[in-house]
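**Student:** So the sequence lines, in the order shown, correspond to chains A and B. In this text, residue positions in the first sequence follow the numbering used here: the first is 1, and each later residue adds one. In this text, residue positions in the second sequence follow the numbering used here: the first is 1, and each later residue adds one.
Take these hints with a grain of salt, some might be off.
[As the list claims (entries may be wrong)] Which residues of chain A face chain B? A partial, calculated answer using Cβ under 8 Å: (1) F21; (2) P128; (3) P252; (4) T267.
[To be verified] Restricting the straight-line Cα-Cα distance to at most 20 Å, the calculated cross-link-like pairs of lysine to aspartate or glutamate (EDC-like) are: (5) A:K186 - A:E175; (6) B:K130 - A:D274; (7) A:K147 - A:E137; (8) A:K141 - B:D33; (9) B:K84 - B:D43; (10) B:K126 - A:D274; (11) A:K44 - A:D68; (12) A:K186 - A:D114; (13) B:K130 - B:D203.
The hints are simulated quantities; they were obtained by calculation from the structure and are not laboratory data. Since the structure is predicted, the reported quantities are computational estimates derived from the model, not experimental observations. Quick reminder that beta carbons are idealized off the backbone N, C-alpha and C, glycines included.
Now for the letters of each chain:
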Amino acid sequence: MAETLGATPATRRGKGLGVTFWICLAWVTLMILLAVLASVLPLKAPNFQDYSAVNVGPSAHHLLGTDDLGRDLLARVIFGSRVSLVIGFFPIAIGLVVGGLAGLLAGYRAGPTDTMLNAVSFVLLAFPALLAIMVIETFWKPVSLLKLTVMFAFVAAPLLFRVIRATTLSFASREFVVAARAMGAKTSRILLRELLPNIVPAAVSFALIGVATAIVLEGSLAFLGLSINLPTSSLGNIINDGVNSNNLSLNPYIALWPSLYIFLLLTALNLMADRLRSYFDVREVKL
Amino acid sequence: MLRFAANRLFQLVVICFLISIFAFLLVHLLPGDPTLAILGPNDTPAARAVLLHQLGLNKGLLSQYGTWITNIFHGNLGASFLTKQTVTNALGVAVPIDLELIVVSQVLALIFAIPMALVAALRPNKAFDKVATTSTFGMLSLPTFVAGPLLVLVFAVTFKWVPATGFNRLSQGLGPNLKSVILPSVALAIGSITVYYRLLRADLIATLQEDYVTMARSKGLSTRYILLRHVMRPSSFSLLAGAGISIGTLFTGAFVVEVLFQLPGIGYQLVQAIYSRDYLVVQGMALVAAVAFVVVNFAVDFLLTVLDPRVRRA
Chain A
1 MAETLGATPA
11 TRRGKGLGVT
21 FWICLAWVTL
31 MILLAVLASV
41 LPLKAPNFQD
51 YSAVNVGPSA
61 HHLLGTDDLG
71 RDLLARVIFG
81 SRVSLVIGFF
91 PIAIGLVVGG
101 LAGLLAGYRA
111 GPTDTMLNAV
121 SFVLLAFPAL
131 LAIMVIETFW
141 KPVSLLKLTV
151 MFAFVAAPLL
161 FRVIRATTLS
171 FASREFVVAA
181 RAMGAKTSRI
191 LLRELLPNIV
201 PAAVSFALIG
211 VATAIVLEGS
221 LAFLGLSINL
231 PTSSLGNIIN
241 DGVNSNNLSL
251 NPYIALWPSL
261 YIFLLLTALN
271 LMADRLRSYF
281 DVREVKL
Chain B
1 MLRFAANRLF
11 QLVVICFLIS
21 IFAFLLVHLL
31 PGDPTLAILG
41 PNDTPAARAV
51 LLHQLGLNKG
61 LLSQYGTWIT
71 NIFHGNLGAS
81 FLTKQTVTNA
91 LGVAVPIDLE
101 LIVVSQVLAL
111 IFAIPMALVA
121 ALRPNKAFDK
131 VATTSTFGML
141 SLPTFVAGPL
151 LVLVFAVTFK
161 WVPATGFNRL
171 SQGLGPNLKS
181 VILPSVALAI
191 GSITVYYRLL
201 RADLIATLQE
211 DYVTMARSKG
221 LSTRYILLRH
231 VMRPSSFSLL
241 AGAGISIGTL
251 FTGAFVVEVL
261 FQLPGIGYQL
271 VQAIYSRDYL
281 VVQGMALVAA
291 VAFVVVNFAV
301 DFLLTVLDPR
311 VRRA
């Protein structure tokens, strides 16, 4: 069926994803690289307190300045981004695999499989996510990156399930699927070779929104002091630092840089998702 | 219709039941002896015995749940072991604050979003639409923990127009009350404006292409009349659904704003209870907030099916 897939409508070939998409992709990649390579880059130690340089503005020595304890803000933001990025990407990836496979199966099979998986996803989605995570954390001490990843994946999987199920449904009765079935193709082949390639654009576009949402949720938790424990810096708790006591009036840079980081990262993710959606003509699916 | 309503109501009851089981089992997640974890090592055996009785931990799981849920139906959501205040009392203080925040922020959001969407949808891809769509895109990337501090910095720290934190009750006068809720409401409205604008704009553009709109135009009706009388209503369903989700989420999700501005609503009190490990308060408040979230969502869902019969068939 490779021919069918290759024969995309001319409109798709006409214009590419656009410069914006590639700039955003480059930005996100750069941020990931910085976070991964943070320990080998020539950065200051994120928790080193230099009392001779407290609350200094951006300078050649401290590119983004220092906070009220004399810690280098550039290092803190980059090291802090690690938590956000891990919680942004890993749970969504897990959710994409688990929810995606379940969604494909439910959308294609229909019947009892669909009814059952659908009910499970409804129940999981009925819980307000942030509240559930906060409450479970309280009772399930101590908070760790692994636990957060698992909890976020539990939130992400049913959402991605619903999107992928709806998209699969819209393809499951199309001619090429019926043809493949008539030719005696196995279910696994139909799912992976016929349906999956058609679902990837919608899934990726929605997953990018998911990454942005997860980063916001983790940031909110960190802002409330309910994410990874101090002294590990994370973007949310740096912002919280910057808002506490008189920091906001004395040195707005502390809150400014991590806020700017989050704003740019989210904008890039949202723009990429938007471009993908219009490029592949993904319809807004009814959830 | 009646069957549909009964079906929905049944679903609601099942979900609420599952939430109650989830909230009930939370205490069992505590490592070791729950009474020790809740009271700390320095408390008296007498207090432990009281708590043990309150939790009913010495009985079977099923009868424990029975006792717990019976108490809840009698309005006893448990009490704090630190302040002795009951959860019901705490909620009495918190809920009006949340309601005020929800009303003010959502009214603000609609005041901005509806006219913006109307103007943008009339001339899609023209200057105003582009500016409005781009700026809402930017607002989409401003989570409350970023927008909140920014608002405080500009309006409370720099211009000193409003206080940065604290809450004034309505009984202290309308002026001080509004001053204390305006910044938090704007912080909450930012997210909603984006959602409402995008939903309404998309639906308006779709409705404007319907044949009956062309018909109305050819009859010579004014654009304003067509927009308000013919287009607005059928285009407002997604908006309503979005509003339902927003309001439900605000009931449970105003944590950041309430903590930042120190407004003692549900979110603030819940977070304080989490900080002080006041487990029973966390359990009780979470139960109420989660049920409120589910009920609001179902109510809006139901309202939508009443207003728009197409939903029922989908």
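**Student:** All hints are to be evaluated individually against the structure, with a verdict given for each.
**Tutor:** Verification of the hints:
no., hint, verdict
1, F21, "violated, 14 Å"
2, P128, "holds, 4 Å"
3, P252, "holds, 6 Å"
4, T267, "holds, 4 Å"
5, A:K186 - A:E175, "holds, 16 Å"
6, B:K130 - A:D274, "holds, 15 Å"
7, A:K147 - A:E137, "holds, 9 Å"
8, A:K141 - B:D33, "holds, 14 Å"
9, B:K84 - B:D43, "holds, 14 Å"
10, B:K126 - A:D274, "holds, 19 Å"
11, A:K44 - A:D68, "holds, 16 Å"
12, A:K186 - A:D114, "holds, 19 Å"
13, B:K130 - B:D203, "holds, 17 Å"
In this structure, the one hint that does not hold is number 1.
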